[in-house]
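Construct the entire structure; sequences and hints are all you get.
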Amino acid sequence: MSAMSTGAPVFGTDVPQPVQYGPPGGMMRRLNLVTAVVLGVGCAAIAGFVIDAVVPSTASTATFAPVAPDLIYLGMLAGWVIGFMAGIGAFVGPIRWFMGRDLTHLDAEYMAGKDLGWRRYFKFTTDHKVVGLQYLVVTMFLLGLGGLLAMLIRTELGVTWAEVFSPSFYNSMIGTHGIAMILAMILAVMGPIANFIMPMMIGARDMAFPRLNALSLWLVVVAAVCLVSTLFTGGIQDGWSVYQPLASQGPPAMLGYQMTIIVFAISTGVASINLIVTAVTMRAKGMTWTRTPILVYGVIAAALMGLYAFPFFQYAQIMALTDRIWDTSFFNPLQGGSVWLYENLFWLLGHPEVYVILIPGTAVLFEIMPVFLRKPLFSFNFAVAGIIGVVALSGLVWAHHMYMTGWAPSTNYPFMLSTELISIPVGFLVLVVIGTMWRGLVWTRLPVLAVYAVIFNKMIGGVTGIYLSDVPADQYFHGSVFVVAHFHYMLMGAALFAAMAGLAFYFPKMTGRVLDERTASIGFWTAFVGFQVTFMAMFVAGLQGMPRRVLQFDSLFNAPNQIATVGAYIIGIGMLIFAGAVVYSWSSGDRAPANPFGSKSLEWQTPTPVPLENFAVLPVISERPYTYGVPDPYENVSLNSERKPDAQRVGGSP
Amino acid sequence: MTDVNTKGLEPPDEPEAPTNRPPSMERIRTWLSRPYARGIVILSLIIGVLLLPMAWIVLIPMNVTGAPASEIMVNIEQTVFVFTLVSVPIVSFVYAVLVYSLIKWRGHKGDSIPEDKSPAIRTNTIGVVLWTAVSAGLAFFLVVWGLIELAQITSNSYGTVTADQQPGGEQSIIVNVTGQQWVWTFEYPQHDGVTTDVLYLPKDRAVYFNVTSKDVIHNFWLVELGVKIDANPGAITQTGVTPTKVGSFNLRCAELCGMHHAYMETEVEVMEIESFTSLMREMGGGKTA
Chain A
1 MSAMSTGAPV
11 FGTDVPQPVQ
21 YGPPGGMMRR
31 LNLVTAVVLG
41 VGCAAIAGFV
51 IDAVVPSTAS
61 TATFAPVAPD
71 LIYLGMLAGW
81 VIGFMAGIGA
91 FVGPIRWFMG
101 RDLTHLDAEY
111 MAGKDLGWRR
121 YFKFTTDHKV
131 VGLQYLVVTM
141 FLLGLGGLLA
151 MLIRTELGVT
161 WAEVFSPSFY
171 NSMIGTHGIA
181 MILAMILAVM
191 GPIANFIMPM
201 MIGARDMAFP
211 RLNALSLWLV
221 VVAAVCLVST
231 LFTGGIQDGW
241 SVYQPLASQG
251 PPAMLGYQMT
261 IIVFAISTGV
271 ASINLIVTAV
281 TMRAKGMTWT
291 RTPILVYGVI
301 AAALMGLYAF
311 PFFQYAQIMA
321 LTDRIWDTSF
331 FNPLQGGSVW
341 LYENLFWLLG
351 HPEVYVILIP
361 GTAVLFEIMP
371 VFLRKPLFSF
381 NFAVAGIIGV
391 VALSGLVWAH
401 HMYMTGWAPS
411 TNYPFMLSTE
421 LISIPVGFLV
431 LVVIGTMWRG
441 LVWTRLPVLA
451 VYAVIFNKMI
461 GGVTGIYLSD
471 VPADQYFHGS
481 VFVVAHFHYM
491 LMGAALFAAM
501 AGLAFYFPKM
511 TGRVLDERTA
521 SIGFWTAFVG
531 FQVTFMAMFV
541 AGLQGMPRRV
551 LQFDSLFNAP
561 NQIATVGAYI
571 IGIGMLIFAG
581 AVVYSWSSGD
591 RAPANPFGSK
601 SLEWQTPTPV
611 PLENFAVLPV
621 ISERPYTYGV
631 PDPYENVSLN
641 SERKPDAQRV
651 GGSP
Chain B
1 MTDVNTKGLE
11 PPDEPEAPTN
21 RPPSMERIRT
31 WLSRPYARGI
41 VILSLIIGVL
51 LLPMAWIVLI
61 PMNVTGAPAS
71 EIMVNIEQTV
81 FVFTLVSVPI
91 VSFVYAVLVY
101 SLIKWRGHKG
111 DSIPEDKSPA
121 IRTNTIGVVL
131 WTAVSAGLAF
141 FLVVWGLIEL
151 AQITSNSYGT
161 VTADQQPGGE
171 QSIIVNVTGQ
181 QWVWTFEYPQ
191 HDGVTTDVLY
201 LPKDRAVYFN
211 VTSKDVIHNF
221 WLVELGVKID
231 ANPGAITQTG
241 VTPTKVGSFN
251 LRCAELCGMH
261 HAYMETEVEV
271 MEIESFTSLM
281 REMGGGKTA
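Order-wise, the sequence lines are chains A and B. Quick note on numbering: this note's numbering labels position 321 of the first sequence as 321, and the sequence is numbered without any gaps. Quick note on numbering: this note's numbering labels position 120 of the second sequence as 120, and the sequence is numbered without any gaps.
Treat the hints with care, as some may be off.
[Unchecked claim] Cut-off 35 Å, straight-line C-alpha distance, at most; resulting in silico cross-link-like pairs (DSBU-like, lysine-lysine): (1) Lys117(B) / Lys285(A); (2) Lys104(B) / Lys600(A); (3) Lys600(A) / Lys203(B).
[Unchecked claim] Label-pair distances were calculated between CB atoms; the ranges are: (4) Arg38(B) / Val583(A): 42 to 50 Å; (5) Pro189(B) / Ile573(A): 40 to 48 Å; (6) Thr13(A) / Thr125(B): 50 to 58 Å; (7) Ile148(B) / Thr160(A): 37 to 45 Å; (8) Thr125(B) / Val159(A): 54 to 62 Å; (9) Ile325(A) / Glu187(B): 35 to 43 Å; (10) Arg30(A) / Thr132(B): 46 to 54 Å.
The hints are simulated quantities; they were obtained by calculation from the structure and are not laboratory data. Since the structure is predicted, the reported quantities are computational estimates derived from the model, not experimental observations. All C-beta atoms, glycine included, are put in the ideal place defined by N, C-alpha and C.
Below, the structure written as structure tokens:
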């Protein structure tokens, strides 16, 4: 293929092509996860030693806290992030570009993991399918970490007669559980499914910016390690929201949290741009907006929200970091800073992020239902309108988390209005689910049965959300366990179970294996039952007036907490069974057929395992999605007809 | 595909329909005569009746430490009660469809791909309009109810009250609340700055709280009185309440404030004004309010 370097005719003109130096891939051939970890750890160690040598150990801040541990830890974090990214090869592309040595086609193919076999999963691989599976593993790791912490938290709360963990370790468990789960849930659909499935769904060969795709994934890996490192540097003891100025009292682990968020926000920005550009510009010929599957809308919506929301969080953490290291006073009230500034910046992310998690999850349900009910998606326009409505309102509701802060009591009125308005677009999404179920014959497989579980939970989460949106009721519920139960119904009961449904659905396409559905179902429904027990009990404790994030409490709350702990262990068992089914099927399940569910969507028309560029010939779309079903027998007939024939049928059926 | 349930999906074999539009009651009756329609309506009603007691049930744990001790708490419980009632119809309809679908519309089982037998319903104007109207109506009701209740509890706290009930008035008590890791202190400026660590309040007097913090954010939560406001360092937040019941209540910190956040709680003693005044005098507060 050396002819590539001499020029290729495009529209009859010879276009100079980059020259191939050496074997394809160049420097990238030597870089993989091992070099990345070695370089990351090495840079962290060097930075740590240098700062330790330079900073006198007696130096202290204005508040007499020692400076050295903070600086050393920050240097190590920065060294880790930069070293790891260099070692994985994130900077090779830009450097080559600066040197005027663009990637050749062969280089690009090497980077996409062509002929690399299993090794491509441990490299800076640009193929969207590899990135999708890597995201899946990272997400499952974070969910496992968060889940383990959840079990420990519930153990502490269930053992009402003794203190199992020290208060500071308990506090760091709730903080780490919170942020690990939030990050995992942001990734749960937007990572594996949006990266693996969405490009195939729109008939594209890869994402718009494949190298940015790999970059976003490895940034998440780096951030996850920063997060885990906080457990060994004192822990995030201030909840996942790490309100200032409490956080400024915290151990060096706060810097780990801040670095996690700063890096994760870069990843989110990169990934959001990539997903939006891919979905907007790379759809197959003929795929107009009405012919675009609803998951694509969900992904665009979530990416848009992530794009505007994450910078607030990132800035807040950068400001908190400079407050801590360089004694700026953005949030320090003693020096004229404002605690409310932090709360505002935090919740400007915090609420849109809920929809970043929920909208793609809901969109996955919309993809699952037509296939298993053999019926088109009900009212596609309302699904789109619901998604647009949620996106539009998502940025206008953040201060409902601040009703009780005293920040601006008169804004409680407009924020209550905007928050309650959001029930209308969310209602559209429920309508789409109900309408699609309507008279559809259910093919009773796990993905679609999971939809029923999700909607069941979503209604409970929605109704309890109405209480919380209302200022007077929130005056009782704010900061109580009731809030915890409510958002677990939304983020776990709706979003995580939806992501599990999505995994069960796309599993054959993503892994090339058949999921052991029987075992997975046992796990799923065990977790579902445990979930109801746990969080119903927590609703009761919240109604009784139990504040959240406490490790000891009035004996009044003993019974609901012990019940909740039993339920939590049931969830844990169920999740382990589900994860076991996934891991076992992935490693030694049967080979999956290309389209086991008979879906008419584009992604299922590819062979399994999916070849490097997905489609040998790019498809052309000529009809709307979800063309299932037979003509409605009642259409244009029954409304104007006599009652008699129908009445007869009533007699004939129970 | 013998196991596929096709009940209610065969087209009714009947003559061409007349062109005149029947009255709406007739249309509803026609719709109801479909085998599934009546089932879903009945199921909705059953689930609705079963869910209706929830409106009272949610109040039981809320009152576990006694009935509301202030007008604010009465308003809060009213709101929870009404919101539960309002959400019952929608929830029971959605659950009815879920249950009916799982029982009556259960189709194919197993691994083989089923035939397409479901009706290709792309939309339904009546259904969509009805759903939008109902959900918008409910949202509107929630907003209006919420705004009215909020205005009411705001005036209960500090607003349109008589002059002697206003801050500084003859009939009112001011308490300066300070949170710090991990204790609350209460100062009574009208009683020579008596300072306590238990919150003593007189019954039937407007009480105003100036809440602040010495270190980090705390949250001042009088559970049975329905009062909640953050104690922020560097700022004073204000709220108020008129206790209507004598007794001992709970004050808890509702904002994570560090290691011993769980232990940052104390008692609220509401007493008759005479006992309150004499208690203040005992503690060294010479003047009376």
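Q: Kindly confirm whether 37 to 45 Å is satisfied by the beta carbon distance between Ile148(B) and Thr160(A).
A: holds, 41 Å
Inset, instruction - Could you check the hint for me, namely that Arg30(A) and Thr132(B) are 46 to 54 Å apart, CB to CB? - result: violated, 60 Å
Note to self: So if I understand the rule, the pair passes when the alpha-carbon distance is 35 Å or less; does Lys104(B) with Lys600(A) pass?
What the structure shows: Roughly 26 Å separates the two Cα atoms, so the pair holds.
| Pro189(B) paired with Ile573(A), Cβ distance criterion 40 to 48 Å | Distance hint for Pro189(B), Ile573(A) is violated at roughly 57 Å.
- Is the distance from the Cβ of Arg38(B) to the Cβ of Val583(A) consistent with 42 to 50 Å? Because 47 Å falls inside the window, the suggested range holds.
Quiz item: Does the alpha-carbon distance linking Lys600(A) and Lys203(B) stay inside the 35 Å limit?
Solution: violated, 70 Å
Given the proposed pairing of Lys117(B) with Lys285(A), does the C-alpha separation stay at or below 35 Å?
holds, 30 Å
>> The hint says 35 to 43 Å between Ile325(A) and Glu187(B); measuring C-beta to C-beta, is that right?
In response: Given a distance of about 37 Å, which is inside 35 to 43 Å, the answer is holds.
Outcome of range test on Cβ distance (Thr13(A), Thr125(B); 50 to 58 Å): Taking Cβ atoms as reference, Thr13(A) and Thr125(B) lie about 55 Å apart, which means the hint holds.
Verify the CB-CB distance for Thr125(B) and Val159(A) against the hinted window 54 to 62 Å. holds, 57 Å
Hint compliance for this structure: hints 3, 5 and 10 are not met, and every other hint is.
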